[in-house]
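So the chains spell out like this:
2 protein chains.
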Amino acid sequence: MIGYPNKKKIVPKVNNYANLGMTLESDIDETNRYYRSKDIAIIHKKPTPIQVVNVSYPARNKAKIVEAYYRTPSTTDFNGIYKGKYIDFDAKETNSKTSFPLSNIHEHQINHLQDVKKHQGIAFLIIKWSQYDEHYIIFIDQIIEFWNGAKEKGRKSIPYQFFKDHCLVIPFNYQPRLDYLKIIDSLI
Amino acid sequence: MIGYPNKKKIVPKVNNYANLGMTLESDIDETNRYYRSKDIAIIHKKPTPIQVVNVSYPARNKAKIVEAYYRTPSTTDFNGIYKGKYIDFDAKETNSKTSFPLSNIHEHQINHLQDVKKHQGIAFLIIKWSQYDEHYIIFIDQIIEFWNGAKEKGRKSIPYQFFKDHCLVIPFNYQPRLDYLKIIDSLI
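First to last, the protein sequences are chains A and B.
If you count by full-length UniProt numbering, then the first sequence holds residues 1 to 188, one letter each, in order.
If you count by full-length UniProt numbering, then the second sequence holds residues 1 to 188, one letter each, in order.
It is worth saying that the hints were derived from the structure and are not from the lab.
One or more hints might be untrue.
Each computed BS3-like pair below joins lysine-lysine, with the alpha-carbon atoms no more than 25 Å apart [said to hold, decoys possible]:
id: 1; chain 1: B; residue 1: LYS62; chain 2: A; residue 2: LYS83
id: 2; chain 1: B; residue 1: LYS83; chain 2: A; residue 2: LYS118
id: 3; chain 1: A; residue 1: LYS38; chain 2: B; residue 2: LYS117
Take a look, some chain B residues computed to stay more than 10 Å from chain A by CB distance [as the list claims (entries may be wrong)]:
id: 4; residue: ILE42
id: 5; residue: LYS92
id: 6; residue: LYS97
id: 7; residue: LEU102
id: 8; residue: GLU107
id: 9; residue: ASP115
id: 10; residue: PHE139
id: 11; residue: TRP147
id: 12; residue: LYS153
id: 13; residue: TYR160
id: 14; residue: CYS167
id: 15; residue: LEU168
id: 16; residue: VAL169
id: 17; residue: SER186
Values in this document were obtained by computation on a predicted structure and should not be read as measured data.
Glycine included, C-beta positions come from ideal geometry on N, C-alpha and C.
Work out the full structure, taking the sequences as your base and the hints as a guide.
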């Protein structure tokens, strides 16, 4: 059976999805830090949206949040500027060997990336295939075909073969860790 | 006396800084919603960065954050894309009648806006002068002169007169509430 990625749960076995998710995010964070330090691009991760319900003030100048909940992000996780272009993307991971489930993407994220594209920004996802340890960039136009197909024909995923045939692998190195702008460079 | 535009709450006194700040933010949020709905620009406020320390799971699928703290933002509050250009700004409010204190701006925000400018983005602050009920746009290049002056000559603020002489007032209307892109338009 295919093991679907579930970043929220803590599972007491070898594949700790929470950590894998963290690794992808921290690989991108480290890459962005490198880009900024070398003056290549200014790209940041947005903070996780949290709904604060209750705050206490145990000490002066130090508000302590005592009740809060995670909210669904209204956009993607990463954005910024590269060579004067607006860049916007999210990062997803799958443990499948055969297909990337579209249920991993929220509809508002798709809409947001389409809006970005329409306004001449560069909009994409970074997909990590954990089983192959490969990272691909897939652009919003490519995703949309499958997304619309999912609605019309009941297709629920993007085959791994599509990535092999139509997407570029992001080089994984020591520095920068995950050089996704190298792929973007081939386009602009 | 000037009637302050304050539609959201009933405040029993005139100067409530926290609430005034909320109003400025909600005016910008509403403006951004308008821009998005009319397909004019895709600009969002970033979530407030929060350091989560402790989470409990009182019910399935509903993580409850029980200990967390506000963190200092590493960038500005707002960014996005307009006419293919990357836009990045923060919003500040002052109750002074004579000068905007530079202590209202964090050094990392100045550095971030300078980086954005260097990479061909549009970087600025929206400053609300509560006493005059005026909103100005001041660009990073203009701020920098005062910022460097603050270091060299001990100047700690930007005079109101500078805004009157060198900055443009943002129109305040019913819709869009705070049409700051009209000012940006005169530049690009």
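Taking the hints in turn, this is what the structure says about them:
1. B:LYS62 to A:LYS83: violated (41 Å)
2. B:LYS83 to A:LYS118: holds (10 Å)
3. A:LYS38 to B:LYS117: holds (16 Å)
4. ILE42: violated (5 Å)
5. LYS92: At about 19 Å from chain A, LYS92 of chain B clears the 10 Å cut-off, so the statement holds.
6. LYS97: Per Cβ check, LYS97 of chain B is outside 10 Å of chain A; nearest 27 Å; holds.
7. LEU102: Per Cβ check, LEU102 of chain B is outside 10 Å of chain A; nearest 21 Å; holds.
8. GLU107: Per Cβ check, GLU107 of chain B is outside 10 Å of chain A; nearest 16 Å; holds.
9. ASP115: violated (5 Å)
10. PHE139: Correct as stated: the minimum Cβ-Cβ distance to chain A is 16 Å, above 10 Å.
11. TRP147: holds (19 Å)
12. LYS153: At about 29 Å from chain A, LYS153 of chain B clears the 10 Å cut-off, so the statement holds.
13. TYR160: holds (29 Å)
14. CYS167: For CYS167 of chain B, whose nearest Cβ neighbour in chain A is about 24 Å away, the distance exceeds 10 Å, so it holds.
15. LEU168: holds (23 Å)
16. VAL169: holds (26 Å)
17. SER186: holds (19 Å)
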